[in-house]
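Make the complex out of the two chains shown on their own, each in a separate frame, by following the hints.
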Amino acid sequence: MMHARCHIARLLSSLMLVAVLGSSSAWSQQIEGRVTDEDGLPLPGVNVLVEGTNLGTAADQDGRYLLDGLDAGTVVLRFSAIGFFTQTQTVRIVPGATTIVDVVMAFKTLLSDEVVVTASRREQPALSVPVSVSVLSAEDLSSRNTVVLDEALRTVSGVNILGNQINVRGSSGFAYNTGSRVLLMLDGMPLLTPDSDGVPLEALPATEIKQIEVLKGPGSALYGGGALGGVVNVITRDLPDVRQATEIRSFAGVWDPVRHEVWRNGWVHGDEYRPFWGVSASHARRSSPSLAWWTSVTFRRDAGYTALSGRDVLHAFGKAAWQPTSSLRVETLLGIMARQRDNFIFWESARNPLTPGRISFGDTPDPASSPNGAPDDFVRQISFLPVIRHFVNASFYHELRLRGFGTLVQPIDDQTGQRKDIQEGTLGARYGGEWQANWIPSSSRRVTLGLSRDALTTKSSFFVTNDGDRLGGQPEMAAFVHGEQQVNEEWQLVGGLRLDHYRIDASDSEARVSPKISVAWTGWTNNTLRAAVGDGFRVPSFAERFTDNREFLPIIRNLELRPEISRSFEIGWRGVSREASWGAVSWDLSLFHNQYERFIEPRLVPQEQAFQFVNLDEATIRGSEVMLEWQAVRGTWKASLGHTWLATEENDTGEPLPFRPEHQIVGSVEATVAGGLRAGADYRFLSEPDRIETDFARFVTDADQMVDTRVLDVRASYDHGSFRFGVLVQNVLEYHYVDRPAILGEPRRFTIQLTWKQ
Amino acid sequence: MACLFLAACDSGLQPPEDDGTGTIQGTIVYTDSWPSEAELEDLRFIAMRFVPQDTTDFFRLNEMAISQGLPTGVDRHEFRLENVQAGTYFYSGVAQKYGPELLDWRPVGLVESDGGVFTVPRGGTVTVSVVVDFDNPPLFPPR
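Chains A and B, in that order, give the protein sequences.
Just so we're aligned: the first sequence equals residues 1 to 758 in the numbering used here.
Just so we're aligned: the second sequence equals residues 1 to 143 in the numbering used here.
Pulled out of the complex, with its shape left as it was, chain B reads as follows (with noise of 0.2 Å):
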């Protein structure tokens, strides 16, 4: 028993070394024409460290950066999306919330370059764009 005291001095349950947080900053261009107000309950740029492959996978929100609510009827918004869990993001983009039910949701803009993977340094930023066609929403699930 003796040996187990001692085992319980290396204090166990240990903080993360640091706080493993970057930024995205980054700049929506909007072209065409904006959906009628009953169609657009929500906007927002969201980045997910994964593939999603339906709309349940919106529900891995631990595994998601989302922004406050985007502003509607721009031509262009800058964004900067802070405290965001560093490592690489594979789909990223505005989503629309087109309706009242909680899965209605779908992308309208996706961020393209480098096929859409960008990687938030420990501390540091990284810029991306997105061009957002309402009417000429990008396929969902990707393929």
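So here's chain A without its partners, still in its complex pose (with noise of 0.2 Å):
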């Protein structure tokens, strides 16, 4: 409960500075000063306050900081920054001058210095949240050079990713991008497009991304139906403290020739270098001490590893703060995208790998004119997530968050070029918004609680429906609360209620109360023991219900499909140890249980000679993730493994659940040399999996062809001044593998980046 007076005290310090920036001219006292770390480098960002009053700011990209407007007298300076001591210097203010302050700041291990926010919607320590949260910096994913944030998310143990879909601790097999029981978030809003339920990855801001969580086991307790198996939760930066600050990133490389001769034969550029190149600019700006905001851009070509597989993306996105009292503020978040590309989605054969296949179906069966595993199309998004904040009083503040998802899809016609009809692609939106309550009634009790409500409006050549609604499709409400009660200095004990319901079409509707409760026993200094049992929810995705087109692959819609529900059990061991002259390890152990029913899983359907999403009776998905983390004293090493052990079961078969590795293995190390150079690698291994679904394969050769999964990365950065360049290699080793049925992993390629910051 400290930590939630720490986050009230810092928000409404915030507040009162912003207040107090706007009215300072009637004081006439300077500090200045410049920070820097022992090897006399600047460190920008270090928070610079004034003890005792709410005045402050924030060092910049120099490390140089300036506070103006004070009184004469003595005050104290407090600086802080995340991986280093906190220092405080007392100052004598001379009347009318300009003290000069130079710090230097001595560094400390980061290891219990992470603040999650997806564990209760709110901040809080990582070390003492009662539930298994990883965690992605910006840092993590600049000096991977990430573009799009799978690639960052692959890195994460326990997470895998099978085309656009995220699997938390084999939460989901390969379901043709068709619904996720992983809630992807944008700063806390759900990403749910009006079709498949999820935001393509490759949509989001990866330049503009302050950290990424990912929850993992059920969430639905707090976050609704779509948590079933997790969350990530993409956090953008936050609005500038300094007057402006501006970026640039621009990368490019290309996609080494795959290995084989006989796949490089295969494809008339299979024997070329693929180039893929992207450039970012980014603007950040506080135009008063009441409004905020930034902006970025990017576009990003690449030509793709196989035939057809070439994409151009550009968004842009934008958020903005205005405050324009000290108890109310309001964010905006808009974003756009636009993305034209060669839907790879299988093979000619596993000798042939990079052209894509093309199958009959039946009343078709000339090859010649039958769709091939390549269908292009164009996509727009716009997404638009509103927040308004209201701050009462010291212990209580709620806020109202708006939501709105608009997607057009056009297909492209092979022949022509040209885009198709709308009628033969995809319209739709998805709109809603959730008011959320946060009450402190004392120093260890904290209560939040809200309403949701959300609904869709999809017309789609590849959907079809029954619903009666001609507006707002499968609408959500839900109502949830959470509280957090500090019984004593030891022991946490953390209770979420979430009752939702779902009208699935005019006729048929479903509701669902979720309770999960959770302890945490902070006893031994640096340590947390968890225990968390709970229910989750989850309505199937309008895709999994309505996909009727035989187009590509034969799927037929299931109006039968009944919401799946699960209940999970994960005991966890999180801790830190004392910083020694080696530095410091962290760890965190988890075992897991969930166990679910009306599991939904697709299965070919003989009767229907297709594919269709079915219930299965029940299904169990155990294991046990163990996370490591070491890092030397001022982090000049620091290095990771983590793995991840799951025993899946289709009960009433007694079978493996399909496309779940039963071993995951993720490592990095990486090391920071004097002088701005850093270098770093990292490794993936996914053991293939105990059960490949083989009804594929009745369609598309060698489909059920996987093997395991390695991938090694090495990447190396040098900064100097305002600018940074890095190196990457990604699948150093050439390794080939399946990256989800019928379609080969991503080879060997080379990145050089650039970057420039003012």
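Wrong hints could be hidden among the right ones.
A few chain B residues facing chain A, derived, Cβ under 10 Å [as the list claims (entries may be wrong)]:
#1 Ser11
#2 Gly12
#3 Pro15
#4 Gly20
#5 Leu40
#6 Phe59
#7 Asn62
#8 Gln85
#9 Thr88
#10 Gly124
Residues of chain A placed beyond 10 Å of chain B at every Cβ, according to the derived structure [claimed, not checked]:
#11 Arg122
#12 Arg274
#13 Arg301
#14 Ala303
#15 Ala350
#16 Pro353
#17 Gly417
#18 Arg445
#19 Ala511
#20 Asn526
#21 Lys638
#22 Val673
#23 Asp690
#24 Phe723
#25 Arg749
Keep in mind the hints are simulated off the structure, nothing from the lab.
The structure displayed is predicted, hence computed values, not measured ones.
For every residue, glycine included, the Cβ atom is placed at its ideal position computed from N, Cα and C.
Next up, the structure:
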């Protein structure tokens, strides 16, 4: 609860700081200086606060700061930054003069400093949360030249990406991108599209991210049905304290031709290095004490490493915050994306994996006239996420969060290259909002409650619905409450309850209460033991229920498809060692057991001669996860290792669930050399799934071919002034694997990156 | 972890050693009269690597070789199917699409020699013959 108080205090301080800055012209004294690390390098972003006041600022890119409008006298300055010991300096301010205060900050390990917001919808130290959470920082993304977020998420223990679908701890297998059990959120707002329930990861602003939090295990009690298997919360960067900041990031590279000559011979460009490049520009500005914003534009072109897999993506994001009074704050996030792509769906065969296959279905058995595995499309998406936050007093604030998403998909005619009519594509909108109240009745108690509602309207040649609603199909309503009680200094109790109501169609609806309770014990310093039990609930996505199309694969709708439910148990131990001369180690150990009923999976239905999403009776996913992280003193060396073990079972047949690797291992090591030079490596291993669904192979040659995934990436970067130069080689060992059935995984590629910041 | 790094050196997925295809060629002889145009939406030579049990097996497309549409109204036709997956085929012949529905197919003549079973050699050619009698089609599913 102390953290909650700190959070509120920090929030109020920020608000008052804005007010103070707005009226500071009456004062005339200044303090300025430069903040550096022990190597003499400037430290941007260090918070500088005048103790006992709400006056503060942050150091700029050169580590310089300026505090203006101070009263003469003696003040205590506090300098703080993640990764460094906080310092205080007593300063005597001479009337009418500028006082110089330069500070050298001492390193400390980062391991105990992570702060997360996803576990309980508020900021709290990752060390003490009663659930499994992994965090990727902006630095993690930058050092890996993350252009598309799936590249970064693949380095997270327990996370596997199949196409655009995020799987956490085996929650999903291969579901043709139609429905996910992991909720993707942007700044705490669910990103749900009107068609397939998922915003493409490549549509998110990778350069504007502060951190990504991965909540493992069911999050339904807090976030609703989409969070049955976990939550990925992408948190965009804070609005600037400094007057303005600009960043331009560019990258270029090539795909290496694949190793095997037979594969190269199957495609006319198989022997060529295939280029990709991109550029993004962002600008942040504080226009006035009450108004700040950032905007970013990114363009990316990729020729693709197979035939018909190229794409052009343009997206723009903007975020603005306006604070007209100290108790009211309005934030808006707006994003647009346009993408033209060849969508490689399946290969010709394992002997010719660089060329899309061509299949026919019964009534059109002429291969020359049949659809191929690479339909082109042009996609436009818009996301609009405004938030209004009202601080009533120090113990109560509430917020209204609205969300709107629009999608337009136009197929492209393979012969003419022209976009087809919208009637042959998809046009949809999803909209909703939620109200959330945060109440802190005492220092040991905190309550969050809220209401939410969403609906969608979609017209698509792929979906056949019998929904009687002209507007507002598949509406969802929910009420949730979440409470935290610090029982004593050692025990924390967290409970949540969420009531979801979904109208599946005009004549059918379902409601479900999802409770969750967890307990954390922090009796040992820097250690948390946790246990949690909770229910989950997921309504099938619009695509899972209503897709009815034989153009590329025979898929038929299933109006009888029911929501799936789960009950999950988890125990875990998270801790950080004492700091020693060799640094410090953190660990997170988990055991989990998830029992599903009416589990939704795709199956071939023989009597229909097509795939269909069906409810299985019961399924079990259980396993363990071990995450270790080591960091040397001053952070010059870092290493991490994660292992996830899964045992899955389709209970009525006793077989494993398909496309779930039993073992996943991720590891990374990074060294920082004096002078701004850094180097690192990331390794990813996924064992070949115990079970591969062979029905797909009836239609696509060799679609049952799977192997282990073993990918090693290496990277290096050099910082000099405002510039950063980076080199990245992904899949450096040129290991060939199957990304998802009948799609060759990414071969080796080389990337150079240049970033300029001011 | 070093062991795992080194383990990646086995390069993973490999292309199958050869393309594993061959050629089916043959002669189709038509006896008796042809059906009306309304009953002849399509006509193909189809070779199956299995013995079908019902019409739903027509969807085991990856285990079949299917010709282009065959000419109609002729007494005899020579055909050639290249790049056919090598291996043993158990049930093959000429199939007629007699109606508009997806599964409105029936066999009208089968490969009879050697019990209808033949093997397509890798890189080689097998020759078969089929006699089609639209008025006396073989039983389906086969006994």
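Structure-based check of each hint:
no. : hint   : in the structure
1   : Ser11  : holds (6 Å)
2   : Gly12  : holds (4 Å)
3   : Pro15  : holds (4 Å)
4   : Gly20  : holds (8 Å)
5   : Leu40  : violated (15 Å)
6   : Phe59  : holds (4 Å)
7   : Asn62  : holds (5 Å)
8   : Gln85  : holds (8 Å)
9   : Thr88  : violated (17 Å)
10  : Gly124 : violated (18 Å)
11  : Arg122 : holds (36 Å)
12  : Arg274 : holds (19 Å)
13  : Arg301 : holds (27 Å)
14  : Ala303 : holds (22 Å)
15  : Ala350 : violated (6 Å)
16  : Pro353 : violated (8 Å)
17  : Gly417 : holds (27 Å)
18  : Arg445 : holds (45 Å)
19  : Ala511 : holds (38 Å)
20  : Asn526 : holds (26 Å)
21  : Lys638 : holds (14 Å)
22  : Val673 : holds (21 Å)
23  : Asp690 : holds (18 Å)
24  : Phe723 : holds (32 Å)
25  : Arg749 : holds (16 Å)
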